[in-house]
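Asks: Sequence:
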Amino acid sequence: MARWLPRSTDLTRFCQKLNRVKTLEDDMMETSFNRCLSTIDLTLLGIGGMVGSGLYVLTGTVAKEIAGPAVIVSFIIAGFASLLAALCYAEFGARVPKTGSAYMFTYVSVGEIWAFLIGWNVLLEYMIGGAAVARAWSGYLDSIFNHKIKNFTETHVGAWQVPFLAHYPDFLAAAILLVATAFISFGAKVSSWLNHVFSAISMGVILFILIMGFVLAQPKNWSTQEGGFAPYGLSGIMAGTATCFYAFVGFDVIAASSEEARNPQRAVPRAIAFSLGLATGAYILVSVVLTLMVPWHSLDPDSALADAFYRRGYAWAGFLVAAGSICAMNTVLLSNLFSLPRIVYAMAEDGLFFQIFSRVHPRTQVPVVGIVVFGFLMALLALIFDLEALVQFLSIGTLLAYTFVAASIIVLRFQQQKVDVPAPAATGQPNPEPHEGPASGELKEYESFSDKLQLVDRDKSKEQREPGQLKAAFEPYLEFLSDFYPGEVVTVAVVTLMVSAICLCSILVFGNTHLHLPTWSYSLLLVLFSLGFLLSLLLIWVHEQQHSTQTFQIPLVPLSPALSIVLNIYLMLKLSYMTWLRFAVWLLLGLLVYFGYGIWHSKENLREPRPQRVSARYVVFPSGSLEERVQAVQPSSQPTAGLPDTDIEDCKR
Numbered sequence: 002m003a004r005w006l007p008r009s010t011d012l013t014r015f016c017q018k019l020n021r022v023k024t025l026e027d028d029m030m031e032t033s034f035n036r037c038l039s040t041i042d043l044t045l046l047g048i049g050g051m052v053g054s055g056l057y058v059l060t061g062t063v064a065k066e067i068a069g070p071a072v073i074v075s076f077i078i079a080g081f082a083s084l085l086a087a088l089c090y091a092e093f094g095a096r097v098p099k100t101g102s103a104y105m106f107t108y109v110s111v112g113e114i115w116a117f118l119i120g121w122n123v124l125l126e127y128m129i130g131g132a133a134v135a136r137a138w139s140g141y142l143d144s145i146f147n148h149k150i151k152n153f154t155e156t157h158v159g160a161w162q163v164p165f166l167a168h169y170p171d172f173l174a175a176a177i178l179l180v181a182t183a184f185i186s187f188g189a190k191v192s193s194w195l196n197h198v199f200s201a202i203s204m205g206v207i208l209f210i211l212i213m214g215f216v217l218a219q220p221k222n223w224s225t226q227e228g229g230f231a232p233y234g235l236s237g238i239m240a241g242t243a244t245c246f247y248a249f250v251g252f253d254v255i256a257a258s259s260e261e262a263r264n265p266q267r268a269v270p271r272a273i274a275f276s277l278g279l280a281t282g283a284y285i286l287v288s289v290v291l292t293l294m295v296p297w298h299s300l301d302p303d304s305a306l307a308d309a310f311y312r313r314g315y316a317w318a319g320f321l322v323a324a325g326s327i328c329a330m331n332t333v334l335l336s337n338l339f340s341l342p343r344i345v346y347a348m349a350e351d352g353l354f355f356q357i358f359s360r361v362h363p364r365t366q367v368p369v370v371g372i373v374v375f376g377f378l379m380a381l382l383a384l385i386f387d388l389e390a391l392v393q394f395l396s397i398g399t400l401l402a403y404t405f406v407a408a409s410i411i412v413l414r415f416q417q418q419k420v421d422v423p424a425p426a427a428t429g430q431p432n433p434e435p436h437e438g439p440a441s442g443e444l445k446e447y448e449s450f451s452d453k454l455q456l457v458d459r460d461k462s463k464e465q466r467e468p469g470q471l472k473a474a475f476e477p478y479l480e481f482l483s484d485f486y487p488g489e490v491v492t493v494a495v496v497t498l499m500v501s502a503i504c505l506c507s508i509l510v511f512g513n514t515h516l517h518l519p520t521w522s523y524s525l526l527l528v529l530f531s532l533g534f535l536l537s538l539l540l541i542w543v544h545e546q547q548h549s550t551q552t553f554q555i556p557l558v559p560l561s562p563a564l565s566i567v568l569n570i571y572l573m574l575k576l577s578y579m580t581w582l583r584f585a586v587w588l589l590l591g592l593l594v595y596f597g598y599g600i601w602h603s604k605e606n607l608r609e610p611r612p613q614r615v616s617a618r619y620v621v622f623p624s625g626s627l628e629e630r631v632q633a634v635q636p637s638s639q640p641t642a643g644l645p646d647t648d649i650e651d652c653k654r
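So for the sequence shown, the working numbering puts the first residue at 2; every next one is plus one.
Everything labelled a hint here was simulated from the structure, so no lab data went into it. Any given hint might turn out to be false.
[What the hints assert, rightly or not] Taking lysine-lysine pairs in the BS3-like style, the calculated list, with each CA pair at most 30 Å apart, reads:
| id | residue 1 | residue 2 |
| --- | --- | --- |
| 1 | 151 | 65 |
| 2 | 65 | 190 |
| 3 | 575 | 65 |
| 4 | 604 | 18 |
[As the list claims (entries may be wrong)] If you anchor each label on the Cβ, the simulated ranges turn out as follows:
| id | residue 1 | residue 2 | range |
| --- | --- | --- | --- |
| 5 | 531 | 586 | 32 to 38 Å |
| 6 | 521 | 549 | 45 to 51 Å |
| 7 | 211 | 378 | 34 to 40 Å |
| 8 | 484 | 549 | 25 to 31 Å |
Quick reminder that beta carbons are idealized off the backbone N, C-alpha and C, glycines included.
Work out the full structure, taking the sequences as your base and the hints as a guide.
Replies: Structural data, given as structure tokens:
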């Protein structure tokens, strides 16, 4: 029975396979894509991904049902919370200018299986998100024409009463997705130009709403006679923050497009900052004018802005608002269709997904196979499926990606940089013995005499320390941590921090409602898990981290990523149990794909050294004795030195 159990060495090797990280190329600017996007292009892509139908629908819904006029505060807090995640994406996008977004960032710092699961979830998130926006686009346009499209379809095609299927096939939603797919396949420049057009119209409509809204504003709508500024109190503001947070999830399209940016080290951080700032400002100002135009409790949640202008006697303005809403939804569609094939391409290029999706069209320089296939799948989803029950799935995929990217920032910041030595010139002279770095075993390049001098000084002094090593000021007090490999303690501390954050948020969310904990145990557990979180944070902080002036770096590491981790986990635990159940089913499907295909075709798997074949050889010594010699079979370019071997038959003779 025991012989069937795996050996510890096999288990160790298997775990190492699951957690291997991606090896980056020396020249990360080299790409098969067309680097044609400027900072303005990336900024408008980010705005298009964030300022969608939520501006026209979400503001009214949160104002009436959750927070009242204090929806303004909710958007401010949500914008700040999104900034924590956005800064993590900005650092990675500038540092690793490759397509793949959260998948790529996780792969280069945490490990392969975690990166695959992130990419697998983001894939479904974009598919459901794009299909849901297409159905909203179709429904909005249909409402302008008094639902004539819906009535015609139900009359001539029929209505369905099947679980998980829509009440009727939405041909209009499928058609707009196929048209958008065709435009996206023409190349990044065409997609960017189309996004510019729709974004310009959308921003023009928003500017009109703000000007007219402030002209029609009535401060009495915030008075106590109408319920006051925060009728639902602090709890309403925080509940509104959780809902408003999802309005800012589109900025990751910028990170997914970094491989097509001309100067990603500068363009990606700037575009993320500009787009997030403009989107936050738009949401806040629109919320201000909306709640000042009409009393918050009389808003129509489905079409708040158009209804507000109609009630103030400007019915014609409703058509402008409808046009702006449709253009805004078009930009979100383009954002989803633009990002999804590039993430699939990154996974296929690394060997973790089917290789056909890594093909890039030689003329348009885009992954045209992924664009067409997933465009059709998205259109199929919008055509026949009921997406309302799946929309919450978007949240869990996004929040999980944010969590892993924040954790990856901490891990990568406390790792030593790997620098490869260039290939030696063919001079016939013996190569100097390479210096092996303490962190990675990689060859380190010394470009000048001063660089070598710094190495000598570092060996003689403890003042200059590598990333991941204990700071000199804390060595007398935490000397036992100096024995660990640089970065090892930080990695363990990050895992402990995430476990503490999960436990802490679980007590906050379920302690009083589901677990029914008494007050003393509720308080005790909060204190214990908070201490665990803070101690993990402190343990990370006492180690040296990388400091670079070449690319953008998020400030206040590890505090900023840690706060982002806590917030994301808290919001994930607030989702319904059905969302978690569907999430678990989708994860199981992803694991089947990974263990059935990805782990075997991974390029990192091909880079791993193969175990050498061993064969038995027999050597006949002059004394006539027979001795078996086991040696590794050497490549033909490396002849084996030693005594001449003979075949077994010769030995027997």
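Asks: Taking the hints in turn, state whether each one holds.
Replies: Hint check:
Of the pairs offered as hints, the one joining residue 151 and residue 65 holds, with about 28 Å between alpha carbons and a cut-off of 30 Å not exceeded. Under the criterion of a C-alpha separation no larger than 30 Å, the hint pairing residue 65 with residue 190 is inconsistent with the structure, at around 41 Å. The straight-line distance between the Cα atoms of residue 575 and residue 65 is roughly 21 Å, inside the 30 Å bound, and the hint therefore holds. Taken as a hint, the residue 604 and residue 18 pair is honoured in the structure, with Cα atoms around 12 Å apart against an allowance of 30 Å.
The hinted window of 32 to 38 Å between residue 531 and residue 586 holds, with their beta carbons roughly 33 Å apart. Separated by about 48 Å at the C-beta atoms, residue 521 and residue 549 satisfy the suggested range of 45 to 51 Å. At roughly 38 Å, the beta carbons of residue 211 and residue 378 sit within the given window of 34 to 40 Å. At about 28 Å, the beta-carbon gap between residue 484 and residue 549 stays in the expected band of 25 to 31 Å.
Violated hints amount to a single one, hint 2; each of the other numbered hints is respected by the structure.
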